[in-house]
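Peer 1: Here is how the chains run, residue by residue.
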Amino acid sequence: MMLEIRDLYAAVEGSEILKGIDLAVDAGEVHAIMGPNGSGKSTLAQVLAGRELFEVTRGEVLFEGESLLDKSPEERAQLGIFLAFQYPVEIPGVQNLYFLRTAVNAQRRARGEDELDPASFMRLVREKARLVELDEKLLKRAVNDGFSGGEKKRNEILQMAVFEPKLCILDETDSGLDIDALRTVADGVNALRSPERAMIVVTHYQRLLDYIEPDRVHVLSGGRIVRSGGKELARELEKTGYGWIENRTAGAGS
Amino acid sequence: MSAAAIPADAVGLLAGLVRKLEADGPDWHAERREQAAACFERLGLPGPKVEHWRETGVSALAAEAWTEVVETGEDEGGTGWGDLGLARTAGGGELLVADGLWAGPLSAAPEKVAALALRHLGHVAPARSEPFAALGVAAAVDPLIVHVADGANPAPLHVVRHAPGAGEPQVVAAHLLVLAGRDARCTIVETHTAGKGAAHLGIPVTEIVAGHGARVVHTSVEALPETAFHIATLGIEQLAASRVVQHNLMLGGALARSEIHARLDGPAADCRLYGLLLARGAQHLDCRTVVDHAAAGATSHEDYKAILRDRAQTVFAGRIVVREGAQKTDARQQNDNLVLSREALARTRPQLEIYADDVKCAHGATVGRLDRDAQFYLRTRGIPLAEARRMLIRAFAAAVVGTIPHGRLRERLDAEIDARIPGAEEETP
Ligand SMILES: Nc1ncnc2c1ncn2[C@@H]1O[C@H](COP(=O)(O)OP(=O)(O)O)[C@@H](O)[C@H]1O
Ligand SMILES: [Mg+2]
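Protein sequences appear in the order of chains R and Y. Each step along the first sequence adds one to the number in the working numbering, with nothing skipped, and position 15 is 15. Each step along the second sequence adds one to the number in the working numbering, with nothing skipped, and position 12 is 12.
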């Protein structure tokens, strides 16, 4: 198993957000995580990436059999975990290209590989920028600084394509995208699908899953996975909405 | 710094020291120095009641037993700032004449340059109202004059200000007057360094007169040991359509203060003041700028950044005056402070006085810590914490460092910035 999440609880500022998540993702698989706003999808994604803000109060996470929770965010990235942020951070004063090169080389160093020489690096970035249709001008600008919503999401997928991680976690990469941008992003993601790579695609809508076909779909609500199924579950949710869950949770809570 | 009372004899001691100095220059300069000494005695040392000295007490320097006044000399190397790959002068006997540039001591100035010096020396800096400007003018026996002829465009000049330190508490004087003629171009770097150990009070005075259409780029680096006192004054006078770009880089000193007084005297003058204060340990770094829009249609743009760690303190006080009739003024001021430890304290105080109605004036100030979200974002890309912080701290300073036209100096500054990055133990949650 590439990723195993067992009975995971996480809290922020004393309030519990994740309340017992169990999830196993194997290499080659694409899992979709759906659910209403506020159900904890981003929290789960950020906990996997190592955000210290969230305190894990119970449970464990194994990545390729090794415990992940005691590792720093950079160590996780160096192991091959990538999170495409729901809200990519703007970093004025740090050039996108410089950032990409620093990141690529930091990952390579950590894996005991040689740094990429500047020419090979530029070739790689240009090729991947074409793949995600990211305007090359944005490479010269500061990271995400003043980028439009769509440009930010493309920039996330560009990084994913450049780093070639083992586990890709996409947090609502589809939100705020028009249909063309959505298709480009989905093409970028599909190009990375491989038997060695796993993906967790967090989304609120079925839309993205028309382009990225998942092997499994999980519904997260109130910090728990309340239903799992095949790709047909996404279509069912499209019809029924999340109302049934809210009723159920409300019923269970009272 | 505490706001303790200033010993009454400190003023007398300092005035006495500067009066003992023998002058080599013209009589008018001796008279001007004497006037400045008298001004200093009249003004005294600023106490805590003086508005713009409230946050920076000078009682510690007043308590020191200053023994002599010296002028700065060559940097024998070792400070790392002496060689920036530019033509150098230390202001001693050296003369440089090339491409319309004359640089040398007042005592050797040609008649025409001496006549200009007579008009401006000690009059561009506020030597009548600011005690350290007065003391600085009084203490400098043989000022360095840089004259750039009309239309000339000489190579950049590096004025090396180094005090080797003699073990005795020394007052270190340095007076520079830059005269840029009509449509002249002039690029000057001034570095202030000193040997370790000795008590040091630097009181440099720099004056810049930018003629009609002249372009002047002046970069000052204060990189004294963290035991020194340094109170620098810069006076700028700009005629019509002139442009002055100034970089004020404050790195060293136990207590360092710079006063910049810019007077925009001609229409369409353009003044850019960039500053970077890097404060650590128990350092107290203070910068006060006064931009005086005395003519219509002039532009001023200030961008000051401070990076603080440990128990360091910084002050930025930026005053903008727009006089009656200075219509179409465009004045902007920004001050950002990056505080890397809990104990450090950054103060910022904008002050706008506007007496014209058709003007654009904007100011902004921020005090913040390193962006946690940005750190996390960089780390999730495999960039180690220390490297992520280094990138963000450099990025913070980039808006100022990036405006410096000297590659070696930029690299040196980036290294100084890197050296300011606190270890993980200082990380505040
Ligand atoms: N930094 C935070 N501080 C306090 N509460 C938070 C924070 N981040 C998320 N939460 C809360 O945790 C819950 C889950 O949020 P999130 O994981 O962003 O949900 P989703 O991504 O499914 O919309 C919400 O109730 C949200 O208000
Ligand atoms: Mg979310």
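Some clues are possibly wrong.
Example chain Y residues on the side facing chain R (calculated, C-beta under 8 Å, incomplete) [claimed, not checked]: (1) D373; (2) E387; (3) F396; (4) V400; (5) I404.
Calculated from the structure, these hints are not laboratory results. Values in this document were obtained by computation on a predicted structure and should not be read as measured data. Beta carbons are placed, not taken as given, at the ideal position from N, Cα and C, and that holds for glycine.
Peer 1: Does each hint fit the structure? Answer for all of them.
Peer 2: Each hint, compared with the structure:
Nearest Cβ of chain R to the Cβ of D373 of chain Y: about 5 Å, under the 8 Å cut. The hint holds. Nearest Cβ of chain R to the Cβ of E387 of chain Y: about 7 Å, under the 8 Å cut. The hint holds. Given hint, F396 of chain Y at the interface with chain R, holds; its Cβ is 6 Å from that chain's nearest Cβ, closer than 8 Å. With 8 Å as the threshold, the beta carbon of V400 of chain Y stays out of range of chain R, its nearest partner Cβ sitting at about 11 Å, so the hint is violated.
Among the interface hints, the one on I404 of chain Y is violated; its C-beta lies about 15 Å from the nearest C-beta in chain R, farther than the 8 Å criterion.
Checked against the numbered hints given earlier, the structure breaks hints 4, 5 and satisfies all the rest.
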